[in-house]
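Protein sequence lines, in the order shown, are assigned to chains A, B and C.
Each number in my numbering corresponds to the 1-based position in the first sequence with 1100 added.
Each number in my numbering corresponds to the 1-based position in the second sequence with 13 added.
Each number in my numbering corresponds to the 1-based position in the third sequence with 23 added.
These are computed hints drawn from the structure, not numbers from a lab.
No residue lacks a Cβ here, since even glycine has one placed at the ideal position from N, Cα and C.
Check each hint, because a few of them may be wrong.
Stated by the list, open to error - To spell it out: a stretch of chain A is covered by chain C in this simulated footprint if at least three of its residues, at any positions, have a beta carbon under 8 Å from a beta carbon of chain C; those stretches are:
id, region
1, 1185-1197
2, 1470-1483
As the list claims (entries may be wrong) - Derived, one-sided and incomplete: chain B residues facing chain A with beta-carbon distance under 8 Å:
id, residue
3, A60
4, V77
5, T80
6, R96
7, P129
8, P130
9, A164
10, A168
11, G174
Unchecked claim - Straight-line C-alpha distance at most 20 Å; calculated EDC-like pairs for lysine to aspartate or glutamate:
id, chain 1, residue 1, chain 2, residue 2
12, A, K1768, B, E79
13, A, K1342, A, D1321
14, A, K1768, A, D1624
15, C, K140, C, D180
16, A, K1387, C, D180
17, A, K1387, C, D98
18, A, K1784, A, D1804
19, C, K107, C, D91
20, A, K1768, A, E1655
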Amino acid sequence: MFVGRMIQRELRSSWRRLVFFFICIAIGVGAIVTLRSVIHSVRQAFAGEARTLIAADAVISSNREFPAELTTRITARLAEAGAQSTRSVELATMVRGEAAESRTRMVELKAVEDGFPYYGRMTLAGGQPYDFRLLANGGAIVRPELEAQLGLGVGDRIVIGGRSFEIRALLDAEPGRRLGAFSLGPRVFVSMADLEQTTLVSFGSRATHQRLVRVPDAALDALVTALRGDFTDTFARIRSYKAQEDDIGEDFERAENYLSLVGLVIVILGGIGVSSVTRVFVQQKIKAIAVLKCVGARSSQLLAIYLAQVVVLGLLGSLMGVALAWVTVHTVPGLLLRGATPGVTINYGLTPSAVSQGVSIGLAVSLLFAVVPLLDVRHVKPSRLLRDDSVREPRDWWQLAAIAGVAVALVVLTIWQAGSWRIGLVVIVGLLATAGTLHVAGLVMVRAITPLARSRRFAVRHAVLQLARPGSQARIVLLAVGLGSFFIVGVRALQENLLQQFALDVSTEAPDMFLIDVQSDQVDAVRGAIRSVQDAGSPEPRLIPVLRARVTGVEGRELQLERYEDVRERGSLAREYTVTFRPALERNEQVIQGTFWSDAGPADAEVTDVSIEESVALRFGIAPGDLMRFDVLGRPMTARVTSVRRVNWGDSRAGGFMFVFRPGVIDKAPHGAIGFFKGPVDDKARARLQATLVQLAPNVSVIDGREILQAVKGVVGNVTLAVTVVGSLVVMSGLLILIGAVSMTKFRRVYEAAIFKTLGAGRPLMTAVLTVEYGLLGLLAGTIGAGAAVGLTWGISRFALDIPFRALPGLTGGAILATTVLVAVVGVASSWDVLTRKPLGTLRGE
Amino acid sequence: MPADAPGIAMLGDSLTAGLGLDTPDTYPSLIEGRLRAEGIARGVLNAGVSGDTSAGGLRRLPWVMETHPTILLVALGGNDALRGLPVADLRRNLAAIIEGGQQGGALVILAGMEAPPNNGPEYTSAFREVYRDLAREYDVPLIPFLLDGVAGDPALNQVDGIHPNPEGARRVADVVWRALTPHLSRLRSSS
Amino acid sequence: MIALRQVSKVVDSGGHPLTILHPLTLDIAAGRSVSIIGPSGSGKSTLLGLIAGLDAPTTGQIFIDGVDITALSEDALAALRGEKIGFVFQFFHLVPSLTALENIQVPMEIAGRSDAKARAQALLDEVGLHDRGHHYPSQLSGGEQQRVAIARALANDPPLILADEPTGNLDSANGRHILDLLLEVKTRRHVTLVMVTHDPAIAAITDERIVMRDGRSVGEGG
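Given the sequences, and given the hints that come with them, work out the whole structure.
Set out below in structure tokens:
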């Protein structure tokens, strides 16, 4: 009864003091719940779309016609499982308008039956609803590109496989088509019955035969297993939507665990804040505790009272975190993530598992970080009511055991959140190493500034004395704030580095149309055609000469390969390489050995020059000066290696080649070109360009990468948003830690300030002392944290992400400055009452 | 004519280059082996480039003709069909290749290809006609279908269903050899 | 009521043992009022802390109502204090987060009494603060706070009241009122009162006096 009542009464008064506790937990939990929920939502959407992606529960497919006995077998199996099925065939074929003079185009034909699709829906231009009757009896639904290329529209007739079809609608999107799949031409839908009246499917046809299956979920796995057994010796395959889901699931799980780990780090930062607050709280409560002990309360009762408060506050904080997450999830993604995932509708919302995980972590962290300082309750002696003996008991076994227990629990928590032993341990070890480094660095730096204590200035002298005296809170503040700024700078720097990398790939100037198989005599005409339709300000289209070559021999200092058979033994050195030639380096290349030529070489040289890529040099031991023999389209050619290049493969704007030849000799060999350029924004202009190019150079294939690029941009946008949100959360947690740490030192300061004041120090002087003290502390903490973060970023960029490291001096310097100012401001501000309070009250112990 | 001029140059695509096969298993290598067995010590130049169309082959012709082959085997068109490129272009390109080969002093042998039925009857028959017409027009020996007896047989093709496996390549070599036999004397006389 | 047998206290002071209470034997009979008087540092507060079981003696035994409290565990001591001893401190030491009424309720709740609230109100009436029950300590004057503290000390009807300079933080008028209240309570309830003070005038009004100097009892002062 006593315990229960006291919890109630204490909460009534202490919540104000513990509101900060509450916020620490709320932010951490909010971060975890938000991150997990968003990922859950996206994942659920994609998993729901897994059926849409294949338009069925399962798809049986074969690149041959199903033999009769197999068809019987399949039909029996489907009947057994209570499944429905519908057939479809995909093949590439030629289409032309009905008029004799019409152009002919290759299209990707898909023939379906009534019933297609089981999941997802066909979207037609102009919002027209799809109905199988549009296809029945000689109907066709075509993509708008075909309309543009053949100059035909709805109502016109086209010839496919010798049969006439009427274009009845234009297709926007279809279920079951993979985004960005290489396509030979625009999509055309016809009915299965009509296709069967043509000879398109016969011996030697290249077609994919499918059976889309709809089956009750309970029977799905058994059906898939049974059919898979039946298919062992055939070309037929079966794939259920679950396999699709698993592929998607794995990626998301990784992302979820990674982001949650960041969330956990935020909670742990919050936990450090909790620990500071609790320590201060217990210090403030010491007298009350002594009184309660004096009137008969047992230590265990008091511990129960305060632990229960922590649990209640932890729970409230967690719930507040959930509320925060709810607000975030319902506002931010809706505003910013829309359209990032074409074809998939995502309903963002909190998921029960994210909420329960968040709340349990919030509770666990509240308890874990509060329990050690709370154990001090046991050491409060009621005798201190008579005498002011603040003798601190040495840590007892209970407390040591508690610390060990807390550490183990944190490790378990981290491993749980990371979803892997390895990553969990790496994070913990990393965290400990960082804390250890920060601690040692703190000690060293405090020692380094100690000579300032001889300063003539009162403020500086006393500020330094405060920091350097034994038992000062400087080390704990350094650790906490240092850790905070470490995380913030680390996350921000990684973010900058990562996003910079992405920005290269998806900048608005990035090429989004690609050409293959341009013949050398077509290059100029193709370039002209592109230029004439490109939007103003678009970069010049790039057409890079390419040709195929094989290495047939090497005469080097290390490597001697006489014959082609010797080369073959070197594995991939014998493969057919695509090579190019040019007079200068590209932007994404740098020479790391030898020198690159600056002009074309003589056309009659017996030995030409070649530059090799770094990995060729490393793997095969080839170095500048070595001679290499190539078979270029059936003719031998000898080249001397004159340089080794490093290629930044992440920057694909200029392509990447293992072998680059000096112009002069090799350019006499027949070569084609590949091209990439930024196509016009307008869809019609793009279609027109395709049509023009086809007419101009029919052998050229145009690949439009805009869909893929837009998807990538969407993903990058989401990553940017996620990282920014996480980064801001980390900044907030860091601030909380700072406030917590400063408040930890405050009670001592109040007393000391009172003494100084009675000794004649005025408020300006006291403010100066505090400003210098906290400013110094901030400077040290910022330097340590930012320094460690730069190290971390370098390590991760270099070894984990394999992206070039950029030092970001602006960010680092800014972070140190911000930490300094922030600590000084927070320190002085939270000590404001110290400065304004009348000293007598403080000294009397009121 | 240079001393190391090849007996036969084979201007083709992945079927000639031997995609997915070890070099000794490709049909040009097998032909070279059969020539040796016949006592003809003339090389076979494999001028096959994977993915190449008749347009690409035409651009590569001068480079190949610089080696002055005695016989030029033209085995192109498969990729034109797979990509649905216009038959008229195929005809123009192949005609130019045959003319170029003949002007370079080589005996041109034309290897025919078939477009798969899914391209549609108009395309496949027009495609087939190109080879027959050209053979007649330029009076060059014609192999009616390079993959005769091989195409569409799972036992003779790789899993992609397009490229012959080693056994399939031997059958292709048989087909090519049958077409070559009447002209072996040319290789003997000029060696 | 209280019996001390050869009780001493030695503390460690910068590595040297410092005797703050020399072996002392004394008896205080039930129902008496006793003041412990002496200058600052004479050991009088130490003596009070030992009697209250707030501190453990280095040697000797202390009996409260015949129970040797030096043999009790922390928790047993706490229970004994709750039941047998009421405290009044110089700085009041009310729990700031609790109202006056609640401060008085706490010891009874700890002891598990069910009539805590009603009794607390009665005690408030007894110390003359009938209508201040819902005020927090910070809203009360020093004298009022000390009255609440006295009411709290009486909560569980303890036979013994220990007071540490109960008037030391009050002006003389308020001090006088508190002293009167303490003596009145003592008489009415027949409790034993032990009070630490440095003021001979205050000491004079108790039945007995123990005079401390340099950690020794120097006899009955006067």
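Which of the listed hints are not met by the structure?
Those not satisfied are hints 1, 10, 16, 20.
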